[in-house]
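J.: Each chain, written out:
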Amino acid sequence: MKKASIVYVIPILLVTGILLASNLKAPTAYIPVSSNEAVKKGASDENYNKMMDVLVSPRCINCHPNDNIPKQGDDGHPHYFGMSRGENNLGYQATKCTTCHQSENNDYSGVPGAPEWSLAPASMMWEGLSRKEIAESMLDPERNGGRNHEELMHHLTEHELVLWAWEPGVRADGTPRKLPPVPLDEYISAVKQWFEDGAVIPAE
Amino acid sequence: MKIAFTINGSSQTVDIEDGNTPLLWVIRDILDLKGTKFGCGKAACGACTIMVEGEEVRSCSYAVKFAEGKKITTIEGLGTPENPHPVQQAWIEEVVPQCGYCQPGFMMATAALLEKVPNPTDDDIDQNIINVCRCATYYRMRKAIHRAAEIKNNSNS
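Chains as they are written, first to last, in our numbering: chain W, 1 to 204; chain D, 205 to 361.
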């Protein structure tokens with residue numbers, strides 16, 4: 001009786017092992033990507049990377065803080081004088097962003113300025129996030145001010161405060177502020193194309 | 205270019221080549237109102253603080269072209285020796301200034317604060333009065349700000 005059981009069990013185990021091994025080697029769920037799709041994905045990733053190179057640059061991230069304190073400079077140091085978000089992203093009751101920052105850069109004093117100079121809302125905090133987390137935050141209507149893709153694309157490519165990044169003026173010592181790492185026309189084209197391709201965030 | 209505005213209740217028109225010239229320079233060098241001071245020239249110290257349409261502004265970073273049609277108040281327009289502004293009265297009572305250079309900026313910032321926050325707490329003062337005083341008269345200024353609020357509120361009641 002015992003010998004007969006072994007005779008049955010050994011072949012079953014062998015067959016199971018062979019089946020498992022063949023599944024690992026050649027997954028039946030694998031769908032090959034066509035060359036066109038691969039090219040499209042590559043282009044989308046490139047557009048994404050260009051856009052993110054800009055969004056993580058100091059000209060953008062300094063006004064998306066994670067602690068309600070605006071940052072300054074290429075080193076992202078906390079804004080001098082204890083300035084903070086205040087109740088409406090515009091500073092305190094009397095001393096506001098517009099106490100010093102006007103609607104244009106002032107090259108005499110080196111104080112930067114643009115229309116609607118303010119911090120991004122607290123829900124749009126990007127400082128300290130990975131590129132993927134920033135992109136996810138940006139696409140999330142709960143955190144992006146309820147914007148859909150079309151509205152986001154316009155915001156990222158047309159809003160004057162965003163475009164200020166490419167015309168940041170000079171510092172108090174007269175030296176020019178650092179520009180984002182991607183030229184403006186390339187950035188705009190990359191953002192538009194990335195949204196047109198479905199705004200796919202690549203895995204990190 | 206010609207720029208017209210009202211300063212301390214008087215209408216003024218200035219003819220200036222560069223509209224981006226800081227309003228501070230126009231106030232001091234063209235209108236000869238020397239109460240507003242040049243400190244750092246980069247909107248950091250607050251010595252040049254004035255009010256434009258009742259809002260606190262650093263005049264060293266404010267292009268004169270933005271003043272077109274606006275109402276501007278400098279320390280000279282805050283009060284008079286006979287009828288001082290509550291902030292000026294409090295500053296006298298608390299004997300605040302030491303060298304005095306930065307004080308007009310502090311007083312203008314305080315006047316602007318009291319318009320927005322009639323009874324400022326110490327936190328309100330810390331957040332809004334961020335000018336710099338090299339003599340470190342901050343302790344007396346804090347007392348004077350509270351006193352100015354008291355004088356202003358009593359005069360309104």
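Read the hints as simulated data drawn from the structure, not as lab findings.
Computed from a predicted structure; not experimentally measured.
For every residue, glycine included, the Cβ atom is placed at its ideal position computed from N, Cα and C.
Treat each hint with caution, since some may be false.
Covered stretches of chain W (chain D as the covering partner; in silico rule of three or more C-beta atoms under 8 Å from a C-beta of chain D) [unchecked claim]:
| id | segment |
| --- | --- |
| 1 | 76 to 82 |
| 2 | 108 to 119 |
| 3 | 142 to 152 |
J.: Within the segment 76 to 82 of chain W, is the number of residues with a Cβ closer than 8 Å to a Cβ of chain D three or more?
T.: This one holds; 3 residues, not fewer than the three required, reach chain D with a Cβ under 8 Å.
J.: Verify the coverage statement for the segment 108 to 119 of chain W against chain D, using a C-beta to C-beta distance below 8 Å and requiring 3 or more qualifying residues.
T.: Coverage by chain D holds here, the residue count being 5 at a Cβ distance below 8 Å.
J.: At least three residues with a C-beta closer than 8 Å to a C-beta of chain D: is that true for the segment 142 to 152 of chain W?
T.: Three-residue rule not met by the segment 142 to 152 of chain W, so violated; n is 0.
Comparing the model with each numbered hint stated earlier shows that hint 3 is the single one that does not hold.
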